[in-house]
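Trainee: Each step along the sequence shown adds one to the number in the working numbering, with nothing skipped, and position 108 is 108.
Worth flagging that the hints you see were computed from the coordinates, not collected in a lab.
The beta-carbon is built from N, C-alpha and C at its ideal position, and this holds for glycine as well.
One or more of the hints may lead you astray.
Said to hold, decoys possible - Computed spacing ranges between beta-carbons, pair by pair: (1) G205 to E92: 33 to 43 Å; (2) M297 to G246: 34 to 44 Å; (3) R253 to P83: 47 to 57 Å; (4) F101 to P300: 20 to 30 Å; (5) H256 to P83: 26 to 36 Å; (6) I204 to T76: 47 to 57 Å; (7) G246 to R45: 26 to 36 Å.
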Amino acid sequence: MDVFPLILAARVVHFAVGLVLLGAPLFVFTAVPASAGAAGAEAARAVERMVFRALPVALVSALVWAGAALVDITGTPASLADPSLISGFLLETGFGRAMTFRLVVLVVAALAALALRGRRRLAAIAAAGVVLMASESLLGHPGAAEGARAVVLVAVHAVHGMGAAVWIGGLLPLIVLLDGWAKAPEEDGKAAGAVLRRFSRVGIGAVLMVGLGGALAAALHIEMPAALPGTIYGRIVLLKASVFAGLVCLALRNRHIALGLVRSQAPTADLARIALNSRMEVALALLAVFLAALLGMSDPQL
1 MDVFPLILAA RVVHFAVGLV LLGAPLFVFT AVPASAGAAG AEAARAVERM VFRALPVALV
61 SALVWAGAAL VDITGTPASL ADPSLISGFL LETGFGRAMT FRLVVLVVAA LAALALRGRR
121 RLAAIAAAGV VLMASESLLG HPGAAEGARA VVLVAVHAVH GMGAAVWIGG LLPLIVLLDG
181 WAKAPEEDGK AAGAVLRRFS RVGIGAVLMV GLGGALAAAL HIEMPAALPG TIYGRIVLLK
241 ASVFAGLVCL ALRNRHIALG LVRSQAPTAD LARIALNSRM EVALALLAVF LAALLGMSDP
301 QL
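Could you put together the complete structure from these sequences and hints?
Mentor: Here is the structure:
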């Protein structure tokens, strides 16, 4: 039974919601100043809505991924009804243990989201997001490595993933705020400039994490960089690098507009332009997530 498409889809969804679970709540703490007033409250409400939707999606996609992986190993869907096979898969294989750990983290995060309120709730979700992004690579090639190489690969992928989450996950609540400001810029003019400048500073660090982590990961996985165009894995890496370049261009354009917002004669149009560029960033990021999921299922030597 060919479950490759199902595993790929589950990986993409699981990775994408992981970006939200870390980046969206972190946006409230890093990009929204205490003086933001109504903008801060709106950002917190938007993020709470996002994480309450993302958590069940993360849980379901993890279960689908694990189930499809078990079927891929056994060759039959009947294995999903065998408790001994399921327990052996989850507790005795490297992938299974990593997935079990993530499921536990997600359940704890869901319980925390229900039990806590306000910024404590967002802090708990962000902490869970850090753990999820830091351990995500254990579900791919780094999880199959050994010794010092495994440690280095996990660390490099963790830097790459957390940078992507801070950057892309933070764009979602930013877009919500931008849409509101574009409709009524006179209400929160100062808040718009403050949030955009703070997020831009955070974004610079996140972009560097993504770029450095991605470059090191590619170097560690590919023995001969000159052979990149000659392998499927290499071509996917090059395509992902091109998408990253497009993301950086959009981010730099937004930074340029944001820095000139105070002197702008048309702040409403500028805010709408930043929102459009941010949506394009999210769309490109989803393509990058798809390519990352595909890389995790491809042999670096082929």
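Trainee: Work down the list of hints and note, for each, if the structure agrees.
Mentor: Hint check:
1. G205 to E92: 33 to 43 Å: With a Cβ separation near 39 Å, G205 and E92 satisfy 33 to 43 Å, so the hint holds.
2. M297 to G246: 34 to 44 Å: violated, 23 Å
3. R253 to P83: 47 to 57 Å: Given a distance of about 54 Å, which is inside 47 to 57 Å, the answer is holds.
4. F101 to P300: 20 to 30 Å: holds, 25 Å
5. H256 to P83: 26 to 36 Å: Since the Cβ atoms of H256 and P83 sit about 58 Å apart, the hinted range of 26 to 36 Å is violated.
6. I204 to T76: 47 to 57 Å: holds, 50 Å
7. G246 to R45: 26 to 36 Å: Between G246 and R45, where Cβ atoms are some 31 Å apart, the hint holds.
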